[in-house]
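K.L.:
So you can see what is in the structure, the chains are spelled out below.
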Amino acid sequence: MFFHDQVAQSLNALHGLMAPDTKTVAWQAADNVSVEVDFTAVESVGCAFRELRVIAGALEATSFATLQGWADELCRRVTYLLEQIGPLEADREAQTVLVRSSPPAKDAARTSFYEMLVHSPGVVSLRRYLCVAHDPARQAIDMQATHEVFLRLVRDLVEAVPHEQTLSPL
Amino acid sequence: MARAIDCDLQRFKQIVRGKVRENLKKYITHGEMIGRKGRDLVSIPIPNIEIPHFRHGQRGSGGVAQGDGDIGTPIGRGQGDDDGAGEAGDQPGGHIREVEVSLEELAAMLAAELELPRIEPKGKDTISSKKDKYNSIRRTGPESLKHLKRTYKRALKRLIAADQYDPANPIIIPEREDRLYRSWTTKTQPETNAAIIYLMDVSGSMTDDQKEIVRIEAFWIDTWLQSQYDGIDVRYIIHDAMAKEVDEDTFYHTRESGGTRISSAYKVAREVIARDFPPADWNIYCFQFSDGDNWGEDNKACIEILAADLLPHCNLFCYGQVESPYGSGEYIRELHRIEDDWENLILSEIENKEAIYDSIKDFLGKGK
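From first to last, the protein sequence lines are chains A and B. Under the working numbering, think of the first position of the first sequence as 1, with each following residue one higher. Under the working numbering, think of the first position of the second sequence as 1, with each following residue one higher.
So here's chain B without its partners, still in its complex pose (with noise of 0.2 Å):
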């Protein structure tokens, strides 16, 4: 049977969770959580009130006393006690409380928020990997894997068939025949797994507030990826008039002043699937964030390498088109041409922060 305060902590757990699925709009469009993210918990900030509790003066500042004392004694009134001036407040409380949750319950959360259906691997959805698990016995091995204990015990035995062993002077030294080792059995498992490719314009034109709503969806994108398959493995595209792979901090912390140019970036991720990804093998997914202010000329080439060599082998290719100070794009206009002949080319246009929402809801929705 339950104890009391267990379920007292479950239903606590339960209005927590409650909370956090309330404000969960709010955490997925200002990024609150990136910053928090632990191994596999993230720790969310929820409001709260403080519960009252004692709190002790400082030493020294009065003891303890007793009598009935004159009218009007001021008592316990420490240093610097005086009457302020300021005026009682009229809003609630603003304490935080910061809760942990698991990144896989937020995961479930996103899901229920944005009805996000749950990912169809592709075709040859499953690769093969092999694992070893140390689950038996053997009389042979390495010494680094002999089993001590085993090994004792079957010293033991052999002492005490023969009539050696006297509990008076317990002393067992295993001989050779007594020695035994761990082993194991390998298994094969099936795995389903996926690659996630970003690729990001950090042209002379993308700002740091534009930069931040691509680190905001990109970690949302994340972790309900990372709920879906066993294996991520993650890419990092970085662009102006080049394109280069790059490790996720510089990915997300540098500033070009080049132009753009979206076909070099098409390139490099061609050439990450080809050398790294068999397609046969591997979910794809490539999200490209930009904001769409491409040099004219290049578009055609960027429309050639995504039908010839991107989309026929990516699960996704999500484009994600930030509004620039200058306004948008006109990139997105052309992929809005081929949009009809790729059902796995999702196109969304971010305005603001407060549009990451629908933009996560258009890339993840289908189910890919």
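This is chain A alone, in the form it adopts within the complex (with noise of 0.2 Å):
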């Protein structure tokens, strides 16, 4: 079975979920890259969940290049959001590049935007945040989508996964 199948068929079995915190699952793709979502709501057009992870099992001791090339990827790809977004830090003593919606989501009070985290070993993070004036501490939400879109990220973040032979200099 593709891994588009079988994530689609997922989404099929969840129908109905509405987890009071979240209900984490797992897929496994090829060349050892894994995707974890960690849902809080499935219906039959949509669904809205709190992070969702990439983990590229062959990337563990992969090069802080490599990683700002796979976070530049992402941001090509992933074009579909709310917002657009687009690396913001790369911090190579922490191995992580940030990734935000840039411009972020702004209303009167409120500020949200998505938050990527590509760093070492080989993991990317999905979430989304909300900023409310005057208070310091921001909150995760859930981002949501319907099952188009949703497979579509699925698919985007597992094919921007680099792969060390052709990144990595001759």
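In short, the hints are calculated from the structure, not lab data. One should not assume that every hint holds.
[As the list claims (entries may be wrong)] Listed below are several chain A residues computed to face chain B (Cβ distance under 8 Å; list not exhaustive):
id: 1; residue: GLU89
id: 2; residue: ALA94
id: 3; residue: THR96
id: 4; residue: LEU98
id: 5; residue: ARG100
id: 6; residue: PRO103
id: 7; residue: THR111
id: 8; residue: PHE113
id: 9; residue: CYS131
id: 10; residue: PRO136
id: 11; residue: ARG138
[Stated by the list, open to error] List time: in silico DSS-like cross-link candidates among lysine-lysine, alpha-carbon distance up to 30 Å:
id: 12; chain 1: B; residue 1: LYS19; chain 2: B; residue 2: LYS211
id: 13; chain 1: B; residue 1: LYS267; chain 2: B; residue 2: LYS211
id: 14; chain 1: A; residue 1: LYS106; chain 2: B; residue 2: LYS25
id: 15; chain 1: B; residue 1: LYS244; chain 2: B; residue 2: LYS353
id: 16; chain 1: B; residue 1: LYS157; chain 2: B; residue 2: LYS133
id: 17; chain 1: B; residue 1: LYS211; chain 2: B; residue 2: LYS300
id: 18; chain 1: B; residue 1: LYS149; chain 2: B; residue 2: LYS187
id: 19; chain 1: B; residue 1: LYS26; chain 2: B; residue 2: LYS361
id: 20; chain 1: B; residue 1: LYS211; chain 2: A; residue 2: LYS106
id: 21; chain 1: A; residue 1: LYS106; chain 2: B; residue 2: LYS353
id: 22; chain 1: A; residue 1: LYS106; chain 2: B; residue 2: LYS26
id: 23; chain 1: B; residue 1: LYS131; chain 2: B; residue 2: LYS146
Using N, Cα and C, we set each Cβ at its ideal position, and we do this for glycine too.
Two independent chains are provided; combine them into the complex using the hints.
P.N.:
See the structure below:
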């Protein structure tokens, strides 16, 4: 069964889910890449999830340049969310690239944005945060997507995983 | 008795300063003065109405004439002087007059406007410095310090006393015993010295707007502290995931794209204090600006360094959190937790340029 079908089937199976916290579902793709999603709700048209993680087992000891290339590729592919995303900070010491909505969504007193961390050992995590004016504590909020958008997102995140052989210097 | 024009000038100066004082909040928040700062004076633009004056026409556009002339003959219309299609304006004239105000005076206005108390220097509030003053004369000294006038006077006296001076041929040649030299006395002067250390986050999330806020606030802090201390030594530290000491220009114009590790800046500040500013002799002020988006695991290290090595040595440690496009960062929440333990820790949230005014008051209102 193709990975795409595997995920679609899981969504169908989860139909009617309303998790008070989150329900984590994991899938295994090719090349030792796994995907984990913390769902909070799934219904016939769409789903809501708190966090999406992609773990590339083959990239555990990857270089910082590969992580940066990976972040750039993700920004190039994922262009259909509520806001465009772009790399914001790159911390070589922490081996982490921070990608966020650019610009974030704002209304009178609220700011919300996607935050994607691409970090060693080969992990991408996607979350959405909400900041309320005068409150320094940001809170993670659910991301909502139709099944089609969710499937496309998962597919793009998996396909963006770099293959060391092509990215590492000759 | 003062001349009438002196009274008028004084009155004019009072009016101008009154105008500046009236609009000080606007000047504070919009940074108009920073680019105009000279050595000791600042030029401030104030609205003004231009006084009417004569303007000469173009050369060769007509001469002087006399006579009755014919009815309807236009007088003195030049080239391109047709009626325009525009309408009369309904706004007051927007001419600008620039007045020069000394930084000292500006600091006084700022203090009055923000009701800032005078700063009380810390415990051992003074350190001594030796200053030389050339105020005496000696018979010996280096040739570079020879006092020519006194030397020649002394030679003249000697010639007159010896009846060798000829007014018809007034040649005076000083001899060795005529030579007099300037000399100095060394005085010990008490000085109150202050060091300002600015720390700024220049990570990818700090935008140019946020840096502008920092620049404006730093200017006013500088102006106030300069008015309170004889010598101000300023140091600048920037950081993203790494920190370094830089010059003023680099401080305001650098933008990095690294992550945010505030502890790296604290480490450099600790080194600077240990190296250059013995806390017993210096009044140390730290002003830190960041969007507070510190990488989570770094907060603990920051608080440890702050509590152990910075707060015990600073008159004031001021943290200004400028709001980033992503909202307010969480670092200020960590600092709020230790705020009650340290009287010299001042926290301020700066949402936008309008908030600079209150932030300065938060920082300097304690009179520390």
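K.L.:
Hint by hint, say whether it matches the structure.
P.N.:
Evaluated hints:
For GLU89(A), the interface hint holds, the least distance from its beta-carbon to any beta-carbon of chain B being 4 Å, beneath 8 Å. At a threshold of 8 Å, the smallest CB-CB gap from ALA94(A) to chain B is about 6 Å, leaving the interface hint in force. The beta carbon of THR96(A) comes within 7 Å of a beta carbon in chain B, closer than 8 Å, and the hint placing it at the interface holds. With its C-beta approaching chain B no nearer than about 7 Å, LEU98(A) sits inside the 8 Å limit, and its interface hint holds.
Taking 8 Å as the C-beta cut-off, the interface hint given for ARG100(A) holds, the closest approach to chain B being about 7 Å. With 8 Å as the threshold, the beta carbon of PRO103(A) comes within range of chain B, its nearest partner Cβ sitting at about 6 Å, so the hint holds. For THR111(A), the shortest C-beta to C-beta distance to chain B is roughly 4 Å, which falls under 8 Å, so the interface hint holds. The interface hint given for PHE113(A) is met, as the beta carbon of that residue sits about 6 Å from the closest beta carbon of chain B, less than 8 Å.
Contact between CYS131(A) and chain B, as hinted, is supported at the beta carbon level, the nearest pair being about 3 Å apart and thus within 8 Å. Checking PRO136(A) against chain B: minimum C-beta separation of about 4 Å stays under 8 Å; hint holds. For the restraint placing ARG138(A) at the interface with chain B, the shortest Cβ-Cβ distance is roughly 6 Å, inside the 8 Å limit, so the hint holds. Distance check on the hinted pair: LYS19(B) and LYS211(B) sit about 29 Å apart at the alpha-carbon level, within 30 Å; holds.
For the hint pairing LYS267(B) with LYS211(B), the CA-to-CA distance comes to about 22 Å; that is within 30 Å, so the pair holds. In summary, the hint linking LYS106(A) to LYS25(B) is supported, as the alpha carbons are separated by about 28 Å, within the 30 Å threshold. For the proposed pair LYS244(B) and LYS353(B), the alpha carbon gap of about 27 Å is at most 30 Å, so the pair holds. Between LYS157(B) and LYS133(B) the alpha-carbon distance is near 28 Å, which keeps this suggested pair within the 30 Å criterion.
Taking the CA atoms of LYS211(B) and LYS300(B), the gap is about 26 Å. The hint holds against a cut of 30 Å. Distance check on the hinted pair: LYS149(B) and LYS187(B) sit about 26 Å apart at the alpha-carbon level, within 30 Å; holds. With a C-alpha separation of about 15 Å, the suggested pairing of LYS26(B) with LYS361(B) holds against the 30 Å cut-off. Distance check on the hinted pair: LYS211(B) and LYS106(A) sit about 21 Å apart at the alpha-carbon level, within 30 Å; holds.
For the suggested pair LYS106(A) and LYS353(B), the alpha carbons sit about 19 Å apart, so the restraint of at most 30 Å is met. At most 30 Å may separate the alpha-carbon atoms for a hinted pair to count; LYS106(A) and LYS26(B) meet this at roughly 27 Å. For a cut-off of 30 Å, the pair hint linking LYS131(B) to LYS146(B) stands: about 21 Å separates their Cα positions.
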